[in-house]
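Below are the chains, spelled out letter by letter.
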Amino acid sequence: MNQLVNVSVPRVDGFNAELTLPSLLYLSGVLAQSEPGKLVGPFFEDLHRAVVADGLREIIVDVRQLTFVNSSAIRLFVDWAARLRASSETEAYVIRFRTDRRITWQRTSFLVLQSLAPRQIIIEAE
Amino acid sequence: MVRVSLRPVWEYIEGVREFGRFFCETTFKRPDVAARAQVVLQETLENAIRYSAHDENGKLEVEITSDGCDLRISTLSRADPAHLQTLRDEIEMLRQFDPEAAYLAAFVRASQQPEGSARLGLARMRFEGRFELQISEEPGGHVRVTAIGKL
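Residue numbers (this note's numbering), protein chains in the order written: chain A, 1 to 126; chain B, 1001 to 1151.
In case anyone wonders, no lab produced these hints; they're calculated from the structure.
Glycine included, each C-beta is placed from N, C-alpha and C at the ideal position.
Treat the hints with caution; some may be incorrect.
[What the hints assert, rightly or not] Taking lysine to any residue pairs in the SDA-like style, the calculated list, with each CA pair at most 20 Å apart, reads: (1) LYS38(A) x GLN1113(B); (2) LYS1150(B) x ARG1130(B); (3) LYS38(A) x GLN1112(B); (4) LYS38(A) x GLU1011(B); (5) LYS1029(B) x ILE103(A); (6) LYS38(A) x TRP1010(B); (7) LYS38(A) x VAL1002(B); (8) LYS1029(B) x LEU76(A); (9) LYS38(A) x SER1111(B); (10) LYS38(A) x VAL7(A); (11) LYS1150(B) x ARG1030(B); (12) LYS1150(B) x CYS1069(B); (13) LYS38(A) x PHE1019(B); (14) LYS38(A) x GLY1116(B); (15) LYS38(A) x ARG1119(B); (16) LYS38(A) x SER1117(B); (17) LYS1150(B) x ARG1119(B); (18) LYS1150(B) x THR104(A); (19) LYS1029(B) x LYS38(A); (20) LYS38(A) x LEU76(A); (21) LYS38(A) x GLU1115(B); (22) LYS1059(B) x SER34(A); (23) LYS1059(B) x ILE1135(B); (24) LYS1059(B) x LYS1029(B); (25) LYS1029(B) x CYS1069(B); (26) LYS1029(B) x VAL1002(B); (27) LYS38(A) x GLU1046(B); (28) LYS1150(B) x THR108(A).
[Said to hold, decoys possible] If you anchor each label on the Cβ, the simulated ranges turn out as follows: (29) GLN1085(B) x ARG57(A): 44 to 52 Å; (30) GLU1137(B) x ARG101(A): 35 to 43 Å; (31) ASP1067(B) x VAL94(A): 24 to 32 Å; (32) TYR1012(B) x ASP100(A): 24 to 32 Å; (33) GLU45(A) x VAL1002(B): 38 to 46 Å; (34) LEU1151(B) x PRO42(A): 37 to 45 Å; (35) PHE1019(B) x GLU58(A): 19 to 27 Å; (36) GLY1058(B) x ALA92(A): 44 to 52 Å; (37) GLU58(A) x GLU1061(B): 44 to 52 Å.
[Unchecked claim] So, partial list: chain A residues that the calculated Cβ filter (under 7 Å) puts toward chain B: (38) HIS48; (39) ASP79; (40) THR104.
All chains should be built: construct the whole structure from the sequences, respecting the hints.
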């Protein structure tokens, strides 16, 4: 059974997450709350588990409309990269981030994020 | 150029950040400078609010100034003394690395401490914002954090 379909999308003011099967996550808005880890962190964890359970080889994360985040939100992507890096060979998959190079935080932070898991994180910048 | 004085509460951050972005974009006609200022305002205000002494005298001042060459963004708050040394040490540690290496080191540290706080903000201000950071103590237990970046 497809696990990704069961992942609950968080509801956060000013921030939107849409999951489209088979493997596209679209994030938009602003994520700069006091504790984004509590609001959105469990969603990213569930997503990782579902991608592994479904045996997907790649998930696309489109952040082009995620216009601003604080460093606590950036940490969510760091944690996801750490989970990827810790995955076994059979669990391994790729995250393909679609970014907008005109948005400063995307240009700088995803560049550095890729260093954490260079074989498993691909950055597409338009 | 701009001085804002407010109570150190989280709900004000977005308004000050967006005003600062608007102010920089309008004044300097440079969207890139406005985007950098936005990052610095978000991260310095978060730090100041998280680690302020939350008493009835709590107050937070934000200043944005420029001499035409540099942009300075500073926050003045009554810092929790326990945090002050941590902040000083962190800024000192960051100075030992170039901004990109320091940001990467902060990412690695965060990835190794999943239960700890992110502690990415100061390194982010240097790499993404291209601002250098200074810290100074002022009378009354106040601490001023100043971010200085080229226009």
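Here's how the hints hold up against the structure:
1. Simply put, LYS38(A) and GLN1113(B) have alpha-carbon atoms about 16 Å apart, close enough for the 20 Å limit, and the pair holds.
2. A distance of roughly 8 Å separates the Cα atoms of LYS1150(B) and ARG1130(B); the hinted pair therefore holds under the 20 Å criterion.
3. Of the pairs offered as hints, the one joining LYS38(A) and GLN1112(B) holds, with about 19 Å between alpha carbons and a cut-off of 20 Å not exceeded.
4. Pair hint LYS38(A) plus GLU1011(B) holds up; C-alpha atoms about 17 Å apart against a cutoff of 20 Å.
5. Between LYS1029(B) and ILE103(A) the CA atoms are separated by roughly 17 Å; this keeps the pair inside 20 Å, and the hint holds.
6. Using a Cα cut-off of 20 Å, the hinted pair LYS38(A) and TRP1010(B) holds, with the two alpha carbons roughly 16 Å apart.
7. A threshold of 20 Å between alpha carbons decides the hint, and for LYS38(A) with VAL1002(B) the separation of about 34 Å lies outside it, so the pair is violated.
8. Note on LYS1029(B) and LEU76(A): the hinted pairing is violated, with a Cα-Cα distance of about 33 Å set against a maximum of 20 Å.
9. As the CA atoms of LYS38(A) and SER1111(B) are separated by approximately 17 Å, the hinted pair is consistent with the 20 Å bound.
10. For the hint pairing LYS38(A) with VAL7(A), the CA-to-CA distance comes to about 16 Å; that is within 20 Å, so the pair holds.
11. The hinted pair formed by LYS1150(B) and ARG1030(B) meets the criterion: a straight-line CA distance of about 12 Å does not exceed 20 Å.
12. A distance of roughly 6 Å separates the Cα atoms of LYS1150(B) and CYS1069(B); the hinted pair therefore holds under the 20 Å criterion.
13. Using a Cα cut-off of 20 Å, the hinted pair LYS38(A) and PHE1019(B) is violated, with the two alpha carbons roughly 27 Å apart.
14. With a CA separation close to 13 Å, the supplied pair LYS38(A) and GLY1116(B) stays within the 20 Å bound.
15. A hinted pair counts as satisfied when its Cα atoms are at most 20 Å apart, and LYS38(A) with ARG1119(B) qualifies at roughly 16 Å.
16. With a CA separation close to 12 Å, the supplied pair LYS38(A) and SER1117(B) stays within the 20 Å bound.
17. For the hint pairing LYS1150(B) with ARG1119(B), the CA-to-CA distance comes to about 24 Å; that exceeds 20 Å, so the pair is violated.
18. Distance hint between LYS1150(B) and THR104(A) is fulfilled; the C-alpha atoms sit about 16 Å from each other, no more than 20 Å.
19. The suggested pairing of LYS1029(B) with LYS38(A) is violated, with an alpha-carbon distance near 37 Å, which exceeds 20 Å.
20. With a C-alpha separation of about 10 Å, the suggested pairing of LYS38(A) with LEU76(A) holds against the 20 Å cut-off.
21. As the CA atoms of LYS38(A) and GLU1115(B) are separated by approximately 12 Å, the hinted pair is consistent with the 20 Å bound.
22. Simply put, LYS1059(B) and SER34(A) have alpha-carbon atoms about 19 Å apart, close enough for the 20 Å limit, and the pair holds.
23. This hinted pair checks out: LYS1059(B) and ILE1135(B) have alpha carbons roughly 17 Å apart, not beyond 20 Å.
24. For the proposed pair LYS1059(B) and LYS1029(B), the alpha carbon gap of about 31 Å is over 20 Å, so the pair is violated.
25. For the suggested pair LYS1029(B) and CYS1069(B), the alpha carbons sit about 14 Å apart, so the restraint of at most 20 Å is met.
26. Simply put, LYS1029(B) and VAL1002(B) have alpha-carbon atoms about 17 Å apart, close enough for the 20 Å limit, and the pair holds.
27. Among the hinted pairs, LYS38(A) with GLU1046(B) is consistent with the structure: their alpha-carbon atoms are about 17 Å apart, no more than 20 Å.
28. Annotation: proposed proximity of LYS1150(B) to THR108(A) holds, straight-line Cα distance about 18 Å (limit 20 Å).
29. Between GLN1085(B) and ARG57(A), the C-beta spacing of about 47 Å keeps the proposed range 44 to 52 Å intact.
30. A C-beta distance of roughly 40 Å is found between GLU1137(B) and ARG101(A), which places it inside the suggested range of 35 to 43 Å.
31. A C-beta distance of roughly 47 Å is found between ASP1067(B) and VAL94(A), which places it outside the suggested range of 24 to 32 Å.
32. Take TYR1012(B) and ASP100(A): their Cβ atoms lie about 28 Å apart, and the range 24 to 32 Å holds.
33. Taking 38 to 46 Å as the suggested C-beta distance range, the pair GLU45(A) and VAL1002(B) conforms, at roughly 41 Å.
34. In this structure, LEU1151(B) and PRO42(A) meet the distance hint of 37 to 45 Å, their C-beta atoms being roughly 42 Å apart.
35. Checked against the hint of 19 to 27 Å, the C-beta distance between PHE1019(B) and GLU58(A) comes to roughly 41 Å, which is inconsistent with it.
36. For GLY1058(B) paired with ALA92(A), a C-beta distance near 49 Å keeps the hint of 44 to 52 Å intact.
37. Between GLU58(A) and GLU1061(B), the C-beta spacing of about 48 Å keeps the proposed range 44 to 52 Å intact.
38. With its C-beta approaching chain B no nearer than about 13 Å, HIS48(A) sits outside the 7 Å limit, and its interface hint is violated.
39. At about 6 Å, the closest approach between the beta carbon of ASP79(A) and any beta carbon in chain B falls short of 7 Å, and the interface hint on this residue holds.
40. The interface hint given for THR104(A) is met, as the beta carbon of that residue sits about 4 Å from the closest beta carbon of chain B, less than 7 Å.
Violated hints, listed in ascending order, are 7, 8, 13, 17, 19, 24, 31, 35, 38; each of the other numbered hints is respected by the structure.
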